[in-house]
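Chains as they are written, first to last, in our numbering: chain A, 1 to 77; chain B, 1 to 269.
In case anyone wonders, no lab produced these hints; they're calculated from the structure. Treat each hint with caution, since some may be false.
[As the list claims (entries may be wrong)] A short, non-exhaustive set of chain B residues, derived as facing chain A with CB atoms under 7 Å:
1. L8
2. S12
3. I15
4. I16
5. K18
6. I22
[As the list claims (entries may be wrong)] No farther apart than 30 Å at their CA atoms in a straight line, the calculated lysine-lysine pairs in the DSSO-like style are these:
7. B:K209 <-> B:K119
8. A:K54 <-> B:K209
9. A:K75 <-> B:K27
[Stated by the list, open to error] Partial selection, computed: residues in chain B whose CB lies under 8 Å from chain A:
10. E9
11. G21
12. E23
All values derive from a computational prediction rather than experimental measurement. Cβ coordinates follow ideal geometry from the N, Cα and C atoms, glycine included.
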Amino acid sequence: MGLDIKKSINLHNISCPMNFVKTKAALAELQQGELLEVLLDEGEAILNVPRSLKDEGHQVINVENLGETFKVIIKKG
Amino acid sequence: MSLTDEQLERYSRHIILKDVGIEGQEKILNGKVLIIGAGGLGAPIALYLAAAGVGTIGIVDGDLVDRTNLQRQVIHFTPDIGKPKVISAKEKIKEINPDIKVNTYQYLASAENISDLIKGYDFIIDGTDNFAAKFLINDACVMAGKPFSHGGILRFDGQTLTHTPGNACYRCVFKEPPPKDAVPTCSQAGVLGAIAGMLGTIQAAETLKFFIGKGELLVNRLLIFNALDMTFRNVTLKRDLNCPVCGQKPSITALTDYEQAACDLKGQR
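Required output: the full structure, derived from the provided sequences and hints.
Here's what the structure looks like:
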């Protein structure tokens with residue numbers, strides 16, 4: 001897709017809510033409009049984290065199912 | 001400033017909040033708060049601000065821990081009887097959160113020392129038990145342009161307001177201390193222990209809101225509660241342009257110590 005990913009974090013095996021906390025910490029280091037790539041577990045993590053990020057005004061650009069995990073691209077709002 | 005993994009965990013329930021987040025938690029961590037009085041109000045205030053991660057906490061109190069304090073001053077434990085309150089408080093703060101820098105001032109705040117005491121702090125908290133100190137803190141903070149939280153409790157009642165520069169101060173509402181002995185102190189009138197926690201935690205929440213800069217502070221408002229009826233009331237306040245300390249032509253331009261009822265000074269003599 002040729003996306004300019006500024007930062008990438010692997011949150012495989014990191015459960016709720018620490019995965020959300022770590023995503024917020026990563027986003028805090030980016031400028032508005034920049035992209036963050038996050039690897040999240042299936043189940044609770046992929047259900048909750050993107051939703052919470054949307055609630056805080058960020059955009060979920062893309063979600064790719066990798067089986068056990070999901071690769072999520074977030075645009076900082 | 002980048003938070004460590006330990007800090008992300010410790011403060012996770014703050015960081016999750018949209019109105020706090022990483023940015024708000026960093027502001028809390030950089031915050032410097034002075035708590036005047038390590039008693040009924042100061043105890044829960046210090047505990048919650050330490051837990052919240054307020055970076056620097058100063059505590060002013062000249063008293064020693066007394067057995068009669070333990071019914072409400074929850075930062076002091078039975079083995080602390082006889083220990084300076086500021087030391088007892090510092091020990092608990094350090095156990096809750098070793099990252100906090102604690103400054104102790106083991107003496108009574110007075111007209112002579114209060115300006116120096118408040119100088120290095122962002123936010124001042126009145127956790128004292130007498131009118132002389134409350135007016136002194138108000139006047140010193142107004143003169144220095146420092147925001148502060150006023151708090152008072154007696155029997156089943158509590159009241160609190162937050163002052164920020166340019167808004168109503170304690171003296172806009174209460175012109176001067178009541179005549180000595182007109183109002184009983186806690187030691188004469190009694191106080192339900194839990195209301196110290198109710199009011200102190202409101203003051204702690206105001207302090208944290210001040211740092212994160214979200215919500216509405218108790219500015220130009222006096223919150224009053226009665227725990228017997230369990231009723232809470234907000235009284236709207238207006239800055240008094242003729243206020244003797246924050247008005248347009250202040251008549252009070254220097255700090256003075258009002259006389260205190262002698263029973264307030266237990267352990268100070």
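Straight-line Cα separation of K54 (chain A) and K209 (chain B) no greater than 30 Å?
holds, 24 Å
Are K75 (chain A) and K27 (chain B) close enough, with their CA atoms no more than 30 Å apart?
holds, 24 Å
Proposed proximity, K119 (chain B) with K209 (chain B) (alpha carbon, max 30 Å):
holds, 21 Å
Does the closest beta carbon of chain A sit nearer than 7 Å to the beta carbon of I15 (chain B)?
holds, 5 Å
Does E9 (chain B) pass the interface hint, meaning its C-beta sits closer than 8 Å to a C-beta of chain A?
Because about 7 Å separates E9 (chain B) from the closest Cβ in chain A, which is inside the 8 Å limit, the hint holds.
Is the shortest C-beta separation between E23 (chain B) and chain A less than 8 Å?
holds, 7 Å
Interface hint status, G21 (chain B) versus chain A (Cβ within 8 Å)
Hint holds; G21 (chain B) Cβ to chain A Cβ min 6 Å, cut 8 Å.
Double-check I22 (chain B) for me: the hint is only fine if its C-beta lies closer than 7 Å to a C-beta in chain A.
holds, 4 Å
Return the status of the interface hint for S12 (chain B): holds when the least beta-carbon distance to chain A is below 7 Å, violated otherwise.
OK, holds: S12 (chain B) within 7 Å of chain A, min 5 Å.
Does the interface hint hold: is I16 (chain B) within less than 7 Å of chain A, judged Cβ to Cβ?
holds, 5 Å
Restraint check, 7 Å cut-off on beta carbons, for K18 (chain B) near chain A
Check passed: Cβ of K18 (chain B) comes within 5 Å of chain A, closer than 7 Å.
Can you verify the interface hint for L8 (chain B): is its Cβ closer than 7 Å to any Cβ in chain A?
holds, 5 Å
No hint from the list above goes unmet by this structure.
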